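Student: Listed here are the chains, written in short residue letters.
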Amino acid sequence: MQIDRQESKESIVFSLKEKLSFKDHTLFNEIVSSLETEKRRIVFDLSKLEMIDSAGIGMLFLAQKIVSRNGGTMTIRNPQGQVKRVFDITSIDRQIKVVTSEE
Amino acid sequence: MAGFKDPDVRIVPFDALSPAGSPSACAVVAFVDPPEDPSKFLAPLASYRSFLLVDLAANDWPGLAARVRNARHAKICDGHLILSTKIAYTLEWTALLSAFLDDGFSFSTEILERFQIAAQELVTNAIIHGNLQVEIPAEKDADVFARVFSEVEDALSDAAHAQKPLFISLGIGPGRVDLSIEDQGPGFKFSHFVEKYNDQAFIKGLDYVLHTVDSFRKASHKGNVSIRLKEKGAEPEDTFDVQSQSVAIMSASKVLYNIINGHLTDLGYANIQRITADTPSLESLPASTAALIILSDIPFENVKDRLSRMRTASNKQVYPVLYQIDEKSGHEFDDDFFEYVNEILHSPVNFNEFASRLKVQLGMFQAKENLHEKLDFYLSELERVRPEVQRYEIFGSETIGGNGVRNDTQAPAKIHYYGSQTREIIADHIHTKKPEFSPEWYFQSFPTIADNPHFAAGIAFRETGMTPILLISRLAAEMRTRTDICDPDAAFAAIKTLASSILPAHIDRKVLVLGLSDAQDGHVCFWTSGPFSLFRIVTSDSGTTRITKEGVGIVPCANGAQRFKRPGLYLISPEDDFEEIFVDMEAAPGKDLPEKIHNALGLPFFALDVHFPEDGDLS
Numbered sequence: 043m044q045i046d047r048q049e050s051k052e053s054i055v056f057s058l059k060e061k062l063s064f065k066d067h068t069l070f071n072e073i074v075s076s077l078e079t080e081k082r083r084i085v086f087d088l089s090k091l092e093m094i095d096s097a098g099i100g101m102l103f104l105a106q107k108i109v110s111r112n113g114g115t116m117t118i119r120n121p122q123g124q125v126k127r128v129f130d131i132t133s134i135d136r137q138i139k140v141v142t143s144e145e
Numbered sequence: 031m032a033g034f035k036d037p038d039v040r041i042v043p044f045d046a047l048s049p050a051g052s053p054s055a056c057a058v059v060a061f062v063d064p065p066e067d068p069s070k071f072l073a074p075l076a077s078y079r080s081f082l083l084v085d086l087a088a089n090d091w092p093g094l095a096a097r098v099r100n101a102r103h104a105k106i107c108d109g110h111l112i113l114s115t116k117i118a119y120t121l122e123w124t125a126l127l128s129a130f131l132d133d134g135f136s137f138s139t140e141i142l143e144r145f146q147i148a149a150q151e152l153v154t155n156a157i158i159h160g161n162l163q164v165e166i167p168a169e170k171d172a173d174v175f176a177r178v179f180s181e182v183e184d185a186l187s188d189a190a191h192a193q194k195p196l197f198i199s200l201g202i203g204p205g206r207v208d209l210s211i212e213d214q215g216p217g218f219k220f221s222h223f224v225e226k227y228n229d230q231a232f233i234k235g236l237d238y239v240l241h242t243v244d245s246f247r248k249a250s251h252k253g254n255v256s257i258r259l260k261e262k263g264a265e266p267e268d269t270f271d272v273q274s275q276s277v278a279i280m281s282a283s284k285v286l287y288n289i290i291n292g293h294l295t296d297l298g299y300a301n302i303q304r305i306t307a308d309t310p311s312l313e314s315l316p317a318s319t320a321a322l323i324i325l326s327d328i329p330f331e332n333v334k335d336r337l338s339r340m341r342t343a344s345n346k347q348v349y350p351v352l353y354q355i356d357e358k359s360g361h362e363f364d365d366d367f368f369e370y371v372n373e374i375l376h377s378p379v380n381f382n383e384f385a386s387r388l389k390v391q392l393g394m395f396q397a398k399e400n401l402h403e404k405l406d407f408y409l410s411e412l413e414r415v416r417p418e419v420q421r422y423e424i425f426g427s428e429t430i431g432g433n434g435v436r437n438d439t440q441a442p443a444k445i446h447y448y449g450s451q452t453r454e455i456i457a458d459h460i461h462t463k464k465p466e467f468s469p470e471w472y473f474q475s476f477p478t479i480a481d482n483p484h485f486a487a488g489i490a491f492r493e494t495g496m497t498p499i500l501l502i503s504r505l506a507a508e509m510r511t512r513t514d515i516c517d518p519d520a521a522f523a524a525i526k527t528l529a530s531s532i533l534p535a536h537i538d539r540k541v542l543v544l545g546l547s548d549a550q551d552g553h554v555c556f557w558t559s560g561p562f563s564l565f566r567i568v569t570s571d572s573g574t575t576r577i578t579k580e581g582v583g584i585v586p587c588a589n590g591a592q593r594f595k596r597p598g599l600y601l602i603s604p605e606d607d608f609e610e611i612f613v614d615m616e617a618a619p620g621k622d623l624p625e626k627i628h629n630a631l632g633l634p635f636f637a638l639d640v641h642f643p644e645d646g647d648l649s
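Residue numbers (our numbering), protein chains in the order written: chain Y, 43 to 145; chain D, 31 to 649.
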């Protein structure tokens, strides 16, 4: 997995690329650790993420848990292809905000 | 490997593979160290009729490769990978297989995405849970991921685990792709991981698989899973072993089908087929199909159409088992349901002798809309496929579900039901369409008996320790061996003798009620081994219900049996301390009638609804 990070005054956008699976947890955990005291809005842009599995979904829920605990908000943006299909069958949008546009 | 002369087989180093020279060519690719970019040599493999890709670090591969040679189900291409656990974990094989499918075949985006989702979860499970035996807790946090990752890495550093083989087989046919994965683990019990039909339960990778694939099979006691995905409208291929007993499941929802399938594999069934509304023909059902489980998540009209088409099909004997579920309620497929299915499929009936063994079962219905039409239809279907059935055994109660198993060889059909509405429909069906039938009603709590002169009903005293059904079964079996059964008095003498021998001696106050009637005078007798009280439930014109002690409504018989003199609803209790009792049921506490009666009387009782062919007293 590759991660790009863009920050502004109001938000932090993490753009994930390639895949998010079990073997990527160490790198993802580094992102999550940095959110422990973060108050800005967190966005995960998945427009270039090609594949996600159940472990990857679990990591997103973990990030949501930490952000919520801190009083922040988290959004997932533009899932595509296989990732979008996983989102559809898991109905992840019932628990995490998912948007399909720049927000 | 020099010297191999078969022109249709090429054995090459992995980086020297070229496209196949003929449509029947097979490729065997072996390697010690994996290539940095395996996709470079996977693309040419799509041109081969079949391929075998072998990681030489996987131990025992020569013997296992021989087994792979026999696994040919595809029409277009089949490929087999034998990988060591370490290589399987290190390289992204599911992405590679997806790319292989995408490059070499014209599958839809939907199939490719679904394949990648399912294959990823299955391969991960086979590696981590199967070969490495590492468990992942359901509740995940950052520490859990780190801990599991560390365990996996530790296990892979041990050559014994790293070299364990993992088999991946890919089969490609017209519009479909099959994937099989075999690991060296002990397998898993489906019910441990999928306990509910619940579209919110996306915790385990298996949930993703069940919601993605069109069919799912697993071996019962080893790590072996197969899935199939197919394009809409693609013809199903019959790849099942037609010799062994199979089960067909008709369901609109592949999730439900996969769940039922998984549980049936836990029970040891390996030959399960799914029928959908799109299945063009039922001819593919093996002749040995033992059961057809119809989940009513599909529209009733489709079921009717399907069963109607089966009528004109060749002489298929199927065994209808119908189970109604309510998706919206998040119905749980609990152990009782699967025990019920297993009981049907493992009954003493030899399914290869359908013509001579006459057992048909109709499953449980819950009150739903169109209940009358559905029940009537299914009962008619049951009678059509089993014209030799002579009577029904009907289990249930007005308020609670019935249970009770009865093994009988006299052409019975067993019907379980819930609810008084269902019971009335069944009774109406029998009365109007099968008056010659002899329905037998067995109840746990509060019985009513169909208005039919050819009935037999029984209630046994619970303190015997036997279930009512068991006791009556034994008695009935004994009675049927008696040539003088046409004489009710003699019959009751026989029952009394038999009952005395089977009832525990220390219970000296027993009431056994067994009703018999025949077409001639329709009387109902009962026998008791001790004192008893008889009550009658009377409903007045104003609707008030009361229980009164009955003193004159019975006629004693010479053999000690008592004969009911008039129809009505009676309660019989072994307690006889009451001289007079009058209870107004309207004021009695309790939710339903049996509870009210129990609370009002405060003593054990058995209820019997006595009917006669003609109203009025018997002289």
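Hints are computed from structural coordinates only; laboratory data are not their basis. On a predicted model such as this, the values are computed, not experimentally measured, just so you know. Some clues are possibly wrong.
Distance ranges between label pairs, derived from CB positions [stated by the list, open to error]:
1) Gln137(Y) / Ala176(D): 15 to 25 Å
2) Ala176(D) / Ser110(Y): 19 to 29 Å
3) Pro619(D) / Arg83(Y): 57 to 67 Å
4) Arg177(D) / Thr142(Y): 17 to 27 Å
5) Arg136(Y) / Ser138(D): 43 to 53 Å
Virtual Cβ for every residue (Gly too), placed ideally from N, Cα, C.
Student: Hints numbered earlier in the text: which of these fail when held up against the supplied structure?
Tutor: Violated hints: 4, 5; rest satisfied.
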